[in-house]
Each structure stands twice: as structure tokens, then as C-alpha cells.
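Can you make the complete structure from the sequences, with help from the hints?
There are 2 protein chains.
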Amino acid sequence: MKVSIERAALLKAVSQAQSVVERRNTIPILANVLIEAADDTVTFRATDLDIEVVDKAPAKVERAGATTVPAVTLHEIVRKLPDGALVSLTEEGSSGRLTVEAGRSNFSLATLPKEDFPVMASSEYTANFSAPAPVLRRLFDKSKFAISTEETRYYLNGVYMHVSDADGGKVLRCVATDGHRLARIDAELPEGATEMPGVIVPRKTVGELRKLLDDDDAQIAVSVSETKVRFATPAITLTSKVIDGTFPDYTRVIPQGNNRKMEVDAADFARAVDRVATVSSERSRAVKLSLDEDRLILSVNAPDSGAAEEELAVAYGDERLEIGFNAKYLLEIASQVDRENAVFLFNSAADPTLMREGNDQSAVYVVMPMRV
Amino acid sequence: MKVSIERAALLKAVSQAQSVVERRNTIPILANVLIEAADDTVTFRATDLDIEVVDKAPAKVERAGATTVPAVTLHEIVRKLPDGALVSLTEEGSSGRLTVEAGRSNFSLATLPKEDFPVMASSEYTANFSAPAPVLRRLFDKSKFAISTEETRYYLNGVYMHVSDADGGKVLRCVATDGHRLARIDAELPEGATEMPGVIVPRKTVGELRKLLDDDDAQIAVSVSETKVRFATPAITLTSKVIDGTFPDYTRVIPQGNNRKMEVDAADFARAVDRVATVSSERSRAVKLSLDEDRLILSVNAPDSGAAEEELAVAYGDERLEIGFNAKYLLEIASQVDRENAVFLFNSAADPTLMREGNDQSAVYVVMPMRV
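Quick note, the sequences are listed as chains A and B, same order. The end of the first sequence is residue 1032 by the numbering used here, with every number in the run present. The end of the second sequence is residue 1032 by the numbering used here, with every number in the run present.
Do not rely on the hints blindly, as some may be mistaken.
Copies of the same chain are indistinguishable here, so a pair counts whether it falls within one copy or spans any two.
Said to hold, decoys possible - Each computed DSBU-like pair below joins lysine-lysine, with the alpha-carbon atoms no more than 35 Å apart:
(1) Lys-948 / Lys-662
(2) Lys-921 / Lys-662
(3) Lys-662 / Lys-740
(4) Lys-871 / Lys-948
(5) Lys-672 / Lys-662
(6) Lys-988 / Lys-740
(7) Lys-672 / Lys-921
(8) Lys-662 / Lys-804
(9) Lys-871 / Lys-740
(10) Lys-662 / Lys-988
Keep in mind that the hints were calculated from the coordinates and are not lab data. All values reported here derive from a predicted model rather than from experimental measurement.
Set out below in C-alpha cells:
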């Protein structure tokens, strides 16, 4: 193998690949990136056996070939090379080394045989569709905070992406929950997605996927089967196993009858929650919301360290209500609101509370109360 | 006590105070800041028993008084209050609570009696002088990287500030070393400093002091005794015990006869060292410098992972030399160079190497070689 490649293109390709590689590997080959050169293109492939990412970069290929080198080391080297450098990657078949050269810098990296690199089995996808990057970004960005970290409830360790019925017809929906709070985000159903099976996209995949979605103009090719999901741009293909489990019936969790409505400036609300929570050092800090006509009092009482109280003007016309929440959950939900106003719908102090942005039904959040 | 104070002034004063407070305290009062209000000034005092910081802020004092509250909580609250807010601090004598109010926010913090707060014993200082902030900043910034972290060699856990003889007469000198490398930085001797005893300023004090030195126009009042050192601006006074030990005779460590001179662009050198060190994952990464006429080859050989080599144009007219160094130490020393060129003076592969900036003798670094 002998190729020349622009440092910037190489860095971009290797960055995405090395981020999939797990830092602590018991299987040496999994720390490596598979480099394949052919037809003016170099392909970089990395995997943790659950996720596989394939990056393509244009290059001048003098001699085709393939090998594997440690992903993190290669990334570090390329990152430290001067901007604008032309990098050559050379492997003599028998040496067991890949030479990385740029200007007066010369590196030689230990290789492992390309035959040992585990390539993910290809899959028959039952649905293929295309979605604009900003649409997928919104679906995952607004739901991922609610992903559970409890390993015993593995079926909650991801975002449930599926097709669902909403008021306006079928939608592409992402749901995440950890049992304490839930996020349900809808988007217009892309053409070709109707037959998509519902899949639970693991947390790590959601994180890796995020890097493909920065370009507002990009169209993402999405393929889904019962066991795998694939997201692709022209340069990058991310394939991931999905969580083998059944996502619980979340619809029962979303309250329908909540009709005590409070409307509040989302940023003001988040800042006030953040401030009153300061006085308590406990992990599960409870904030009490006391609602009266057009007035919200947020309060925290921590007998050892102190107390805090803050008043906010809100739109609320129902009877008096006192309800408590975990401060962290309230903050996270309030910070999902892009528009000015957050709308809270309460039932009683013991029932789940619903939150949405203005009258928008396409992003709905549920949070369980806490006794205060 | 009842005072009103601008949020910005309060934040600045409390910031410096809370940073001295240790996060894990077994003695509750040490987590607190002592607030004293009198004569249009509020004083904030915090200590870890080794360092005491006193911050003054202008305020409207309606009722004088003093109390103590948790420093970190107070700081968090003030930080989260909106910019421009006017904050009132009120304590009713018997309540055991300090009320912090701003706009519609109201906090009540548990207090501890002011009598319990340990105030550092005052000291007779044997030398008092004044030094511009940039001079002190240079003395400590350029030496602190070499402070030892080995607790058994406690007398190396700080910067040795003392008066010394140099070519041009007496100087104010800061020295730090961990046995592997050494930094010796000189500045013009301020008036009144001649009689100053040499003191070892602890690492934490050096860190806290740094925050007083950002203002280029500030004059810092420095007072030194055998056991204490004090640095003061009009608003902040930082008093610290010094390390009770004898700093070793560092002069013997500084080589005098090194005459194999290499001159190199400091930034190029640092980047090259950084790059070649990438291939080795070991903690004590050895970089080999191979010198020939006007040519330096930096190389690293890590049998398991690979090898790296980089060539640099340097000014060197002496005979061939091969010498190894810890990559981290070389990097740290090279990054101290503000000017373009770093001058290295070698003797042999087994002897300490000296580094300075151009012909400037006021900042000298020594680094021990490593066998490669």
C-alpha cells in the first residue's frame, strides 16, 4: 500500500473512526483501524463489534492495499502534524509496519493483519429512507437526555426510534425514558420509512451519530432492520446493532387528562430552579413548586444547610397546587425548550407532569413528581 | 449585620475566598467564609489553616456585624444571580441564619459562630517590599512547573524565593526542582527586599497568588518572615505559611562547564518533541536527540507500538552527540521559552543539560538526561 493524502482529509476520517474504538480493549485488533486503499480512495474502518464506522477520504493511491494500525496513535500523529501537510502512508508487505511520512516527520507503526479485522456482517434492511440532518438532530438531541444509565434495564439504554400515529397522521418518533422522566419527539415521516421496524438505538450510537448531523444541508441515508440501523453520508457510514429488547409501552406513561396549565418563560424558569437548588448538596435535590394565581414560588428546604425561595410570574389560572420535582430533571427538561415559553400541565402532586413547548405537540416531556 | 452589595463586587470577593477553602473538610468551620461588615466595607476571610485570604469589597453597611456561612454555597448562589443585581446580606443575631436576597430570590444559609473561625496569628515581617505584578508573575509562572509532587521531599513542594547574587549584582530569585529538572528565574531586586529571608512558597499558595497577578499595572506588597509570606493588593491579602524545611543547595546542580551549544526555534522544537512522543504510550517516554552539524534528529523507539523520527535544522557546530530525555520534561521546558530561540548547552549524554532563552541569563533551566 502506498498513498498520499491531505492532512485535513486524513484527520477528519481518522477522527470519526478512532472515536468508535474503545479505549480499553482486551482484543488488540479492536484498537486498530483498518485502512484500505484503492481507486483514489482510502477507507478507514473501525469497530467495537457493536458499532462500525467507515470513513472515505480522497487520496492519491500509488499502490493499492490494506492494513491495520492503532487508531488512537494514528489519530494523535495526524492531529499533531502541521496544517496543510501532505501525508504519505506506505506499507511494504513483509515489514509489519506502516510508515507515516509528512515533511521531515517519519513514523513507523506496528500493524496487525487485515485478515484479523472483524467486519460486521451485512444485513438485509427492511426500510431505507432519507432524512435531512437537522430533522434527525432534533429527534435525538431532544430525547437523549432521558436515556437510562441503569444496565439492568438494558432496553431503556437507548432511544426508541419508530413509526407512530399522531394527530396529523403517521410520524417518525424518538422516545427515551429512564422511568423518572420521558421525552417523546416527533418528525414528519420520511418517504419510505413506513415499513420501518421500531428499533432501540444504543446510547453510544446516538453519540457517534451526532457527529454526522452537524451539516444543516446534509441528507442522511437511513436503513433499518430488526437487528441493525445504518446512517450514512457520502463520506461516512455508521452501522450499529440495535438493543435486543422490547421498549416498554410508553404511551401509558404520558398523561392525557392533565389540565392545570402553567406557562412560564423557559430560560427564567431554568435559572430560578438552578439557583434555589444551590442550597442543597444532596444528589436528589427536591424543588417544591407552589402555584397560585399567576404566581409560582420555587423553594428548597435543606434543614442542615439552609433554604431558598424564588418567585416567578407565570400564567396559571387553576386552583392552588404544591408539587415537588428532582431539580436536575426539571433543569434538563426546561433546557430542551427552544422557544420562549414552556407549558406545564399538572394533574395532582402525585401524578406525572407533562411539559411541552408552547402548543407544539411534536415534542412532549413527562416528569415524575417527588414527595416534598 | 445588614449590608447591600453589588453582585459583581460580591462575586469577585467570594471567588477568591472560596478557592482557598478545601473541598473536603473534617472541621466544619473551615468550609465557611467569615463575613465582617463595618464602615462601608465587607470583608470576606477564608482559610485552610495554612493559607488565609482576606478580600474587601465596598458595600452599603446598614448594620455592622459578622458571621460565617459555607463558602462554596455562597459562591454558587452569587454566581447564579443575574448580572447587575443588588444583593443584601442580613443576619438577625439569634436566628443562626444569614439571609441572601436579590430581586425575587431569597436564600437562607446556616451560619456558624464567628468566634469559632480560626484567624491566622499575625507575624513580624522582616522584609517588606513592593513588586510589579508582571515581575512576580514571571518569577512564579516560569518556575512552578518544576515543583515536586513527592510528599516525602516536602521541602521541594514549593518555589524557593530568595535573594541571591548574580552577575549583575543581587537579584530576587525563584527556584523550583523535583530532582529531574530545575528552573531558576531572576528578577531585579526590589527596594527593601535585601534583608528578606529565603522562603519556600507552597504549591497551593503559588496557585492562589496567581489570581492576584493578572493586572499588569498592579503593584503587589510583599512581606516575608521566616515562617510566613504575604502578598497584598488594595483589595486582597493572601497570607501563607511557608514550608518549614531547607531548600537544597541547587547551585551545585546547575552545570557550569557545558559548552556544546545548540540553538533551535523553541516552538518548532516543542511541536517535534510532541509528535515523536506520540508513538510511545509509556509514561516516561524517552526521546533521543541525535546532534550532528546543524542538524538535530529527534527519535523515539517503542518496540511494541512503533517508531518515530523527525529532523530539525538547528545551529550546532560541535561534535556528534546522542542524548535522551523524558519527553514531558523537554516539552515543559521548551514551552517556557517566550522568545524565538531556545539555547541548549550539553556536556555529555550522562550530564545534566542546561537550557535558556537566547543569551538571557535571568531564566535558566536544567534537565537530567535519560539513558536511551
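So, going through the hints one by one against the coordinates:
no.	hint	verdict
1	Lys-948 / Lys-662	between (66 Å within a copy, 28 Å between copies)
2	Lys-921 / Lys-662	neither (66 Å within a copy, 40 Å between copies)
3	Lys-662 / Lys-740	within (21 Å within a copy, 57 Å between copies)
4	Lys-871 / Lys-948	neither (38 Å within a copy, 38 Å between copies)
5	Lys-672 / Lys-662	within (19 Å within a copy, 59 Å between copies)
6	Lys-988 / Lys-740	between (39 Å within a copy, 15 Å between copies)
7	Lys-672 / Lys-921	neither (48 Å within a copy, 41 Å between copies)
8	Lys-662 / Lys-804	neither (42 Å within a copy, 46 Å between copies)
9	Lys-871 / Lys-740	both (21 Å within a copy, 31 Å between copies)
10	Lys-662 / Lys-988	between (53 Å within a copy, 33 Å between copies)
Of the numbered hints given earlier, the model fails hints 2, 4, 7, 8; all others are met.
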